[in-house]
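Using the sequences and the hints given, assemble the complete structure.
Number of protein chains: 2
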Amino acid sequence: MTPFKLTDELISQIETLIEKKSEGQLRDLLMELHYADIAEIVNELDLEEATYLFKLLDSEKTSDTLTELDDDVREQILQNLSAKEIAEEIEELDTDDAADIIAELPEERQEKVIQQIEDEEHAAEIVELMRYDEDTAGGLMAKELVSVNENWNVLKCVKEMRVQAENVTRVHSIYVVDDQGKLKGRLSLKDLLTTSTTAQIRDVYIPKVDSVSVHDKGEEVARIMSKYDLEAIPVVDEMHRLVGRITIDDIVDVIKEEAEKDYQLAAGITKDVEADDSILELTRARLPWLFLGLMGGVGAALIMGGFEEILEKHAIIFFFTPLIAAMAGNVGVQSAAIIVQGLANDDIKGSISNRLIKEMSLAMLNGIILAVVLLVVTWVWKSNFDSALAISVSLFIVIIVAGIIGTFIPLFLNRRGIDPAIATGPFITTSNDIFGILIYFWIAKLILNI
Amino acid sequence: MTPFKLTDELISQIETLIEKKSEGQLRDLLMELHYADIAEIVNELDLEEATYLFKLLDSEKTSDTLTELDDDVREQILQNLSAKEIAEEIEELDTDDAADIIAELPEERQEKVIQQIEDEEHAAEIVELMRYDEDTAGGLMAKELVSVNENWNVLKCVKEMRVQAENVTRVHSIYVVDDQGKLKGRLSLKDLLTTSTTAQIRDVYIPKVDSVSVHDKGEEVARIMSKYDLEAIPVVDEMHRLVGRITIDDIVDVIKEEAEKDYQLAAGITKDVEADDSILELTRARLPWLFLGLMGGVGAALIMGGFEEILEKHAIIFFFTPLIAAMAGNVGVQSAAIIVQGLANDDIKGSISNRLIKEMSLAMLNGIILAVVLLVVTWVWKSNFDSALAISVSLFIVIIVAGIIGTFIPLFLNRRGIDPAIATGPFITTSNDIFGILIYFWIAKLILNI
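The listed protein sequences correspond, in order, to chains A and B. The numbers in numbering that gives the first Met the number 0 rise by one with no breaks, and the one at position 79 of the first sequence is 78. The numbers in numbering that gives the first Met the number 0 rise by one with no breaks, and the one at position 338 of the second sequence is 337.
A portion of the hints provided could be inaccurate.
Put simply, identical chains are the same to the list, so a pair is met inside one copy or across any two.
In silico lysine-lysine, DSS-like type, Cα no more than 30 Å apart, as pairs [claimed, not checked]:
1. Lys-312 with Lys-381
2. Lys-54 with Lys-4
3. Lys-4 with Lys-260
4. Lys-207 with Lys-181
5. Lys-381 with Lys-444
6. Lys-226 with Lys-312
7. Lys-226 with Lys-54
8. Lys-381 with Lys-183
These are calculated hints, taken from the structure and not from any lab test.
Following this line, the structure appears as structure tokens:
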């Protein structure tokens with residue numbers, strides 16, 4: 000099979016077919032494609048063309064396409080569809096995707112769409128899922144799963160399972176519950192195939208099953224599923240009743256989003272923008288951090304203004320402020336990034352003070368090497384040992400302080416329950432710039448006896 | 000089930016049991032635990048204790064534990080095991096994990112271990128897998144899969160499948176091949192359960208199946224599997240023969256490693272270190288980037304030394320160099336990060352020049368806002384309009400140039416086949432520092448007529 004490739008030719012071919020209203024050809028062309036590929040095409044079309052396609056194609060295809068679209072494209076298309084049309088798309092979707100899409104609608108439309116869903120049970124399940132915070136296991140789970148009662152025998156189980164499996168795209172495990180609906184264990188399809196049909200489920204199920212609670216954070220679910228290499232995990236409520244199931248494809252999305260958010264925070268971008276977003280959206284995501292940097296720079300200028308008396312005899316001290324600021328920033332970001340990643344991987348053991356001592360030793364080792372190099376370079380350049388010494392000693396101390404700040408801030412934020420990732424990027428660089436320059440001038444003044 | 004939690008008490012309990020050589024108690028305690036949890040415990044033990052545990056426990060348990068250990072811990076433990084003992088562990092593992100572990104051994108041991116593997120077929124498969132580059136589909140795939148011939152009927156298929164399924168932890172799809180072993184399509188377990196036993200596979204299989212080639216990059220496999228929400232994908236060779244299968248749990252690891260590598264590069268850390276690594280390893284990962292920053296800082300100092308004549312009348316210009324450097328760095332990193340992420344998500348369409356024009360407009364919008372703020376602040380502070388104007392105009396231009404550099408470099412690297420992620424972090428900040436300061440002083444000199 001040749002893999003799908005989104006080309007300009009394909010887009011213009013489709014645009015021409017839409018213009019000519021060649022319904023048959025469009026259907027033939029698109030029904031061949033995977034819904035994720037159709038979504039890529041629709042993202043490139045204008046709103047009118049996209050809406051036309053959605054009204055043309057079967058909701059079996061368009062419903063899945065809908066879940067894969069860019070958020071803003073989906074929002075606009077849904078505005079162009081009636082409540083009835085949206086409900087038809089919803090009917091085709093698994094409960095988790097259905098709930099996510101309805102949750103994106105304006106509140107007054109949500110109710111209208113839900114009322115139009117013909118399958119009452121499906122509607123009730125969607126309403127249940129919408130109650131959960133989207134970042135929790137409850138918000139990630141789907142109601143579609145295969146569960147059997149421990150008091151059944153294998154024959155009844157296989158029969159029931161076939162009925163339930165109709166609604167479940169992929170059966171990973173069969174969950175075993177008791178009469179109260181509490182999760183007791185699991186069965187594999189393989190086991191079921193190889194066990195006598197008269198055996199009682201009670202006697203054959205595996206009582207060991209990992210599960211998460213509806214209120215567990217998505218990140219925690221991701222950690223458990225990837226640690227134990229699970230492809231699906233059952234979700235239980237406060238009374239340990241089986242209420243849903245999370246599959247690995249949703250967790251892959253959580254992992255990717257989490258990584259992107261951390262990456263963007265480190266780069267000084269408020270989360271959730273893409274290269275193709277509008278200039279205004281990109282500005283909104285980037286300007287606040289730049290403004291923070293600007294304030295930091297003004298602060299640094301004010302500090303330097305306060306040390307003007309050094310200028311006369313030792314102007315060279317001022318030439319090295321960008322170096323000091325850059326090194327303070329770089330060391331701070333390195334330290335913070337290691338901690339943020341360690342926290343994300345649940346890898347940080349031991350006390351904060353041990354961590355700080357380690358970082359300090361590390362900074363001292365790096366600092367001494369870099370300071371000696373700088374001492375030689377500046378001494379050779381200006382043949383003034385005093386100012387060369389002042390600059391190098393300051394660099395050494397600034398590196399240590401920057402390392403400590405970079406280690407401490409994310410650990411501190413994490414203890415307070417704040418996402419430590421905001422400590423990387425501009426936040427650390429800006430505060431380290433200011434601290435670094437302040438320390439630098441103090442030490443220079445001290446060594447140069449001014 | 001209460002989730003596993005690694006505590007200091009548990010570690011010392013186990014250490015005491017090892018010291019007392021309480022084999023029975025240790026076995027009881029550890030056999031209850033998941034292999035990934037045992038790996039967390041072993042990571043905390045010293046080498047002698049860890050080796051003792053590995054010799055004590057069944058290789059059924061320890062083999063999986065081995066795959067989950069930290070690289071350096073595994074290396075040391077393997078050094079303490081004989082070729083025969085390692086071969087016993089290998090026998091228990093799936094071919095992909097087995098090949099990864101053998102590949103980590105020194106070359107002379109690899110051969111010895113392979114000779115000790117009793118199952119000839121298993122050994123041959125491992126040897127085959129070791130030929131592939133670890134970053135390719137061939138390096139990620141396992142030989143364990145369930146495949147049936149299109150010329151069989153359902154009954155024969157179910158029989159064969161049961162035999163093959165013995166060796167396969169999780170059956171996702173049953174792959175259908177022709178007499179030459181070429182991949183033709185797939186069957187789901189569900190389909191098999193609901194089809195008459197005399198039906199020919201040829202008539203019931205689904206001819207549409209995504210596959211990747213042995214030489215496809217791991218990143219590409221990850222992109223396809225996560226785009227199409229696949230839990231497993233078959234791997235074919237140059238002749239389209241089915242040679243292996245990649246499962247989503249391995250791809251989750253690829254996605255996480257890729258994200259960590261990009262994050263670390265952005266933070267100025269050469270890939271593959273963790274918070275718990277030794278100070279020497281951490282220094283090796285961090286020092287080169289700091290050294291680059293140091294050189295950049297020295298470059299900036301040299302540039303500033305060349306503009307010494309500005310000092311006399313307009314010392315304030317020097318006070319704002321850290322601000323200019325910081326803003327150039329921040330804007331550059333923001334632009335580069337958006338591009339790197341867009342490239343990773345295959346989201347960047349259109350030409351480089353369009354991208355640069357967009358980034359320039361964005362930088363102009365951000366630049367004008369920040370420059371006006373800075374103009375007012377500096378004017379109020381020093382009541383010298385000329386220098387305030389020089390500083391603000393420079394900031395505006397520096398932001399635009401930084402944005403262009405930040406956009407261009409990763410796009411350029413990507414075209415050349417180099418990982419664009421190295422363009423983020425210290426690389427961009429350092430080059431932007433130098434360019435920024437150079438432009439800044441040029442413009443200041445121009446506006447102030449010096």
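Against the structure, the hints come out as follows:
Both within a single protomer and between protomers do Lys-312 and Lys-381 lie at most 30 Å apart by alpha-carbon distance, with minima of 13 Å and 22 Å respectively. In the homo-oligomer, the alpha carbons of Lys-54 and Lys-4 lie at most 30 Å apart inside one protomer (24 Å), although the nearest pairing across protomers, at 52 Å, exceeds that limit. In the homo-oligomer, the alpha carbons of Lys-4 and Lys-260 lie at most 30 Å apart both inside one protomer (27 Å) and across protomers (27 Å), since each shortest distance falls under that limit. Taking the shortest alpha-carbon separations for Lys-207 and Lys-181, only the intra-copy value of 14 Å comes in at or below 30 Å, while the best inter-copy value is 39 Å.
Taking the shortest Cα distances, Lys-381 and Lys-444 sit within 30 Å of each other both inside one copy (18 Å) and across copies (24 Å). With identical chains, the CA atoms of Lys-226 and Lys-312 are never at most 30 Å apart, being 61 Å at best within one copy and 63 Å at best between copies. Taking CA atoms no more than 30 Å apart as the test, Lys-226 paired with Lys-54 passes between copies only; the shortest distance there is 24 Å, against 43 Å inside one copy. Taking the closest pair of Cα atoms, Lys-381 and Lys-183 never come within 30 Å of each other, the shortest separation being 77 Å inside a single copy and 74 Å across copies.
Checked against the numbered hints above, the structure violates hints 6 and 8; every other hint is satisfied.
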